[in-house]
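*Asks:* If you read the sequences in order, they're chains A and B. For the first sequence, this note's numbering assigns the number 825 to the initial residue and increments by one for each residue that follows. For the second sequence, this note's numbering assigns the number 153 to the initial residue and increments by one for each residue that follows.
Honestly, the hints are just simulated from the structure, not real lab data. Heads up, some of the hints might be wrong.
Unchecked claim - Simulated restraints on C-beta separations: (1) B:GLY157 with A:ASP976: 50 to 60 Å; (2) B:ARG194 with A:GLN1004: 30 to 40 Å; (3) B:ARG197 with A:GLY967: 29 to 39 Å; (4) B:CYS181 with A:HIS1010: 42 to 52 Å; (5) A:LEU847 with B:ALA163: 37 to 47 Å; (6) B:ALA163 with A:ILE960: 16 to 26 Å; (7) A:PHE910 with B:LEU184: 19 to 29 Å; (8) A:VAL869 with B:LEU162: 29 to 39 Å.
Think of the CB as a built atom: it goes at the ideal place given N, C-alpha and C, for glycine as much as any other residue.
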Amino acid sequence: MTSNINWFKYASPATFYPLAGRLVPWFFIAAVLFAVPGIYVGFFVAPTDFQQGEAYRIIFIHVATAWMSMFLYVVMAFWAGVGLAFNTRLSSMMASAVAPTGALMTFIALWSGALWGKPMWGAWWVWDARLTSELILLFLYLGFMSLQAAIDDPRRADKAGAVIALVGVVNVPIIYFSVQWWNTLHQGASVSLTRSPSMAAAMLVGMLLMALAVWMYSIAATLLRVRCIILERERHSEWIGQLKELQK
Amino acid sequence: MNWGGVSAFLAMGGYGGFVWGSYAVAALCIALEIALLAARHRRLRRSISN
């Protein structure tokens, strides 16, 4: 049996705009529903780390945002690539909508990393492979955004941005494998931090809940931003004049 | 994890500034992003319906 849903229908900004509007609150609610137990497990269930004391509790925001910073870059590059290949304008708008949230996640990961590095390594920052490649990720997001902002014609901005996004995607596996490929102060995969099974469980659950919360939040923020971008770019088209939410 | 009091919880074993500094800045950034996006959308809707 074939599906009756025509997915291509949603490739049109006119149909996607109201759909995104209906989805946004649900993703915000989902983010809160994951964050509350995530914080609870992270601060009240997970025990003290025997090496790092309480400082390790930064992990719950640090790892979640660091994962998301890499994942969002791949999502951004994917939509930018689809927009470039098929000339679908909504795909390019999605890429532009992901970028600021991706940059924000990268910033939070770097910030929380600095505040974790200071008490554990004695330095806010070191120029090692993991930290440097994550900083490059931030510059890639900012480069994508400023390039698009500098070009007046949106379709040309989409194409130029897509080139940066696609070239920069090579940095994502470099970040991910940097702790294996080079000597680094940065610890390896988080699960190896654990000393006993019970601790592994509580820490892992806290980390996964926070990762899901950040994921849901990123979807909500991206959908909200793509709605703004759609209005900005399509404001003179007929369907926008007929939108119910804009009627007085 | 039993903290045995609010001050012990806030102190985070001497790492309070680092732990809360991470979470506070993250929360602030997220709140700011939501506020900016909501304002941008509201402004757009108003300017289009006029």
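*Asks:* All the hints need checking, so say for each whether the structure fits it.
*Replies:* Checked hints:
{"no.": "1", "hint": "B:GLY157 with A:ASP976: 50 to 60 Å", "in the structure": "holds (59 Å)"}
{"no.": "2", "hint": "B:ARG194 with A:GLN1004: 30 to 40 Å", "in the structure": "violated (47 Å)"}
{"no.": "3", "hint": "B:ARG197 with A:GLY967: 29 to 39 Å", "in the structure": "holds (31 Å)"}
{"no.": "4", "hint": "B:CYS181 with A:HIS1010: 42 to 52 Å", "in the structure": "violated (22 Å)"}
{"no.": "5", "hint": "A:LEU847 with B:ALA163: 37 to 47 Å", "in the structure": "holds (41 Å)"}
{"no.": "6", "hint": "B:ALA163 with A:ILE960: 16 to 26 Å", "in the structure": "violated (36 Å)"}
{"no.": "7", "hint": "A:PHE910 with B:LEU184: 19 to 29 Å", "in the structure": "violated (34 Å)"}
{"no.": "8", "hint": "A:VAL869 with B:LEU162: 29 to 39 Å", "in the structure": "violated (18 Å)"}
In summary, the structure is inconsistent with hints 2, 4, 6, 7 and 8 from the numbered list given earlier, while agreeing with the others.
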